[in-house]
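Enquirer: Here is how the chains run, residue by residue.
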Amino acid sequence: MRYGMAIDTIRCVGCSDCVVACQTENSVPIGYARDWIVELTTGKYPNLQMEIRSERCNHCSNAPCVRTCPTTASHYGTGGIVLVDHDECIGCKACIASCPYDARFVHPEGYVDKCTFCLHRVEKGQEPACVAVCPTHAMHFGDLDNPNSEISKLIARRKWKTLAPEVGTEPNIYYLL
Amino acid sequence: MIEQVISSGRHNEYIDPVLHVWHWHIPLYLFLGGIAAGILFYSALLFLRGREEKYPVSVYWMPLAAPVIIGVGLLALLLDLSHKLYFWQLYTNIRWESPMSWGAWTLMLITPLSLAWIASFYRELLPGNITVWPWLATVLDELRKWRKAMAWAQMTLAVILGMYTGILLSAFNARPFWNTSILGPLFLVSGLSAAAALTAYFSKSETERHFFTQVDLGLLVIELVLIIHLVMGFLSGSQAHIDAVNMILGGSGYTITFWGGIVLIGLVLPIILEAMHLSKRHIPVIIPTLMVITGNILLRFLFVELGQISRYVY
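Protein sequence lines, in the order shown, are assigned to chains A and B. Following the working numbering, the numbering of the first sequence begins with 1 at its first residue and continues without gaps. Following the working numbering, the numbering of the second sequence begins with 1001 at its first residue and continues without gaps.
I should point out that these hints are in silico values taken from the structure, not numbers from a laboratory. Fair warning: there could be bad hints in the mix.
[Stated by the list, open to error] Listed next, the in silico EDC-like pairs over lysine to aspartate or glutamate satisfying Cα-Cα at most 20 Å (straight line): (1) B:Lys1084 with A:Glu88; (2) B:Lys1054 with B:Glu1206; (3) A:Lys161 with A:Glu150; (4) B:Lys1145 with B:Glu1053; (5) B:Lys1280 with B:Glu1206; (6) A:Lys159 with A:Asp145; (7) B:Lys1084 with A:Asp85; (8) B:Lys1204 with B:Glu1053; (9) B:Lys1148 with B:Glu1052; (10) A:Lys44 with B:Glu1003; (11) A:Lys161 with A:Glu39; (12) B:Lys1084 with A:Asp87; (13) B:Lys1145 with B:Glu1052; (14) A:Lys161 with A:Asp102; (15) A:Lys124 with A:Glu150; (16) A:Lys161 with A:Glu51; (17) A:Lys161 with B:Glu1003; (18) B:Lys1084 with A:Glu109.
The structure presented is a predicted model; accordingly, all values stated were derived computationally and were not measured.
Next comes chain B alone, as it looks inside the complex (with noise of 0.2 Å):
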């Protein structure tokens, strides 16, 4: 038996009896922002392959929607913190070793790079004559011209922001349940997924929807892959490691949601669904979208909840 209980009284606020520190905020902002990067990430990647007239859903409808996503999230952000007013001391370092000032500089860069990308297909979003100020169409007719080098800074930068948050919790090496490296090509793929599950939603062409669901059915299969390893690798790690993924692999109530709603509801439905829909069967494709966004949100509330739960014992 080994029993060990603090004596002298600790009720640290959020830190007793159990870490809790991270709230909604954080598991909000972790998806919002995967979704983000996906939806820039195509339509980055679809332009530079030369496909804004095959695909003009991702490439420049899809886009309209990154910078309110990114605004909702960092404004959760915001409100997570608790030394507010000073949260601008972000912008006056760059720390290497800290995944977080990453971030903090990715958004910074990518926001308006995504307002410009948009801005710049000014003339596709507004059909018509509608230069009211000239001055301001000289203005985006030159920022056409750079839109090749635009589209590369805009695809790296969010693969950066799809991929930072889950590194950002890897690096947590206090945190078992958090510290694998799976975890930023989990976070990316899983981001990129809802990104085309969304697209193929609001896709108006059959060709686009076909497309988009081709690639959200094989980043779905990915995903389910990567999971299998994270549970295998975490088996074969240290004590804690097992005590971690013990939590969802029987025992406590986070294997069902575990299991059976990022799984189930988020994988494995969705990858049954979308093959059909491929197989010319009839599937309403808002069913597997809105299976693969719960499966996103599940994912981040649940990893955000666990990590802070699994712990090393002394």
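Isolated chain A, as found in the complex (with noise of 0.2 Å):
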């Protein structure tokens, strides 16, 4: 089982739902988040193209959080999720300059903290929060190992990419185009 979110680009209007979903569901501290909205414009005017994303930890197959975590604090949990065991980080912050995507941070009581894809409520069977309050349904949740999932159908249908791999970190979040 291995985890991962399809986030289609084009559904996205950036309205940061998700955004507040994480910080409600997760008691995310104020001034942090977990999840973000990058809005890339490229061209030149007046043919510009925009492409709206949400992002946040990639969970990546190859994490290098994981790797160059001294203690194991940073691990794979259940499907591949990557976790920060709080009671095991020292706070030396090596996860955070590793990671490409800057979705790390320090959290007020000292150790790191990020996305969890909402393990809580996924091991209840329910959706993560951002992907369940998402008003286009521009996000999806599931297992990629399952070919007959319906996030595994999605990219097998559609074009995809996911960010930077070519850093090497086999990122779990596809981003329809």
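Hey, can you piece these two chains together into the complex? The hints should help.
Expert: In structure tokens form, the structure reads like this:
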């Protein structure tokens, strides 16, 4: 089992609902964010193109944060979800420096924090909070190893990209184009 | 035109707008660790070569400073941790993939070893009969018999200590400016050079000073060659590496620190001054020594800073 997300850049309108839902669901401290919206504008006026992406930890299969962690606090959990064990984290910040997506931050309590794919919800059979609230149904969560899952079918049918695959992280969030 | 904004607002402390999670603690430790590694390396090597009478400052006087230098470095590391009370978790795991884990274990071994090493030289360090406690003298004399094994272990650990700091940074493939395997050798050579320069300054005999000036001169030339390789490697790398090296090749304020501070003051000028010293011109040793130390400090601070700024754009 390998959990992943497919995020539709065409459906996404950048409303930030996913960001608010995450902050509420996970009691993310004020001023911090586990997910965020990127608006990318390319081209020259008047021929501009815009891509809107909801970004978060990519739960990489070859996660540099897990590799550089000196204590095993950063580890792979159920379905390959990359997690931080708060009681093992010493706050050395090596994982933060190793993440090409800047997805991690130091929680005010001292340990490193990040997106968990809402594992506590997933274990109950629910979707991550960001996916559940998306008003345009731009986000899909599921098992990438199961060829019959909705997400696997979407990825098979649509064109997609992952973020900065050249870093060698094997990210598990797919952006549908 | 490519313009990228985070429209939902993200102001994660020390991440936005530019990654800056490591401040002065880390580069200071990298500098101190390099010097301590150099001091302990020369001490062990010259002892094994039987030069303790010829080079006493290097073999048993300079090592007195090593545990103090490591101690200050460790304090800086501890201050950097954001979850300090959990630091002992470093010693409940051995993580082969994490250079920080090797570093923690290396420090755990080399610090007590360096203390034992110093203690084994008590007869040389404290001349005269100082055996207030006869049992202590017996223990220390027993320790003296193990000096050869200790020297081999210390030399190996010193190389690991001097090198792992560079490997630690180069293992971050997300940060193009760090992501070069030259960094390990570069930091090792630079630490060895700083230790050689300091030993040349503190040595009492002209023989020892001459020897360490020669060693330092060689190391500075190697360091200069490694830096040229570093720049060439970046320039023939991916766009992310080219963008990273462009920070020091012109355009940003870092250019002057790199070429003026690290290359000119830290390498080129000491090379000239040390060569002049070796060709019997009078050069006060303190001048090249201070230049080498300045270059060393700037190298660590600039590299830690630039690595954090450099990134992949996607």
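Enquirer: Against this structure, judge whether each hint is valid.
Expert: Evaluated hints:
Distance hint between Lys1084 (chain B) and Glu88 (chain A) is fulfilled; the C-alpha atoms sit about 11 Å from each other, no more than 20 Å. Restraint check: the Cα-Cα separation between Lys1054 (chain B) and Glu1206 (chain B) comes to about 11 Å, which is no more than 20 Å; the hinted pair holds. Proposed proximity of Lys161 (chain A) and Glu150 (chain A) is supported: the alpha carbons are some 17 Å apart, at most 20 Å. Simply put, Lys1145 (chain B) and Glu1053 (chain B) have alpha-carbon atoms about 18 Å apart, close enough for the 20 Å limit, and the pair holds.
A threshold of 20 Å between alpha carbons decides the hint, and for Lys1280 (chain B) with Glu1206 (chain B) the separation of about 12 Å falls inside it, so the pair holds. Restraint check for Lys159 (chain A) and Asp145 (chain A): the C-alpha separation of about 18 Å stays at or below 20 Å, so the hint holds. Taken as a hint, the Lys1084 (chain B) and Asp85 (chain A) pair is honoured in the structure, with Cα atoms around 15 Å apart against an allowance of 20 Å. Proximity of Lys1204 (chain B) to Glu1053 (chain B) is assessed by CA-CA distance (about 12 Å); at most 20 Å being required, the pair is judged to hold.
Restraint check for Lys1148 (chain B) and Glu1052 (chain B): the C-alpha separation of about 13 Å stays at or below 20 Å, so the hint holds. Restraint check for Lys44 (chain A) and Glu1003 (chain B): satisfied, since their Cα atoms lie roughly 11 Å apart, inside the 20 Å limit. This hinted pair checks out: Lys161 (chain A) and Glu39 (chain A) have alpha carbons roughly 16 Å apart, not beyond 20 Å. Among the hinted pairs, Lys1084 (chain B) with Asp87 (chain A) is consistent with the structure: their alpha-carbon atoms are about 11 Å apart, no more than 20 Å.
Distance hint between Lys1145 (chain B) and Glu1052 (chain B) is fulfilled; the C-alpha atoms sit about 15 Å from each other, no more than 20 Å. Restraint check for Lys161 (chain A) and Asp102 (chain A): satisfied, since their Cα atoms lie roughly 18 Å apart, inside the 20 Å limit. Taking the CA atoms of Lys124 (chain A) and Glu150 (chain A), the gap is about 19 Å. The hint holds against a cut of 20 Å. Straight-line distance between C-alpha atoms of Lys161 (chain A) and Glu51 (chain A) comes to about 12 Å, which keeps the hinted pair within the 20 Å bound.
Straight-line distance between C-alpha atoms of Lys161 (chain A) and Glu1003 (chain B) comes to about 19 Å, which keeps the hinted pair within the 20 Å bound. Only pairs whose Cα atoms come within 20 Å are accepted, and Lys1084 (chain B) paired with Glu109 (chain A) is accepted, the gap being roughly 11 Å.
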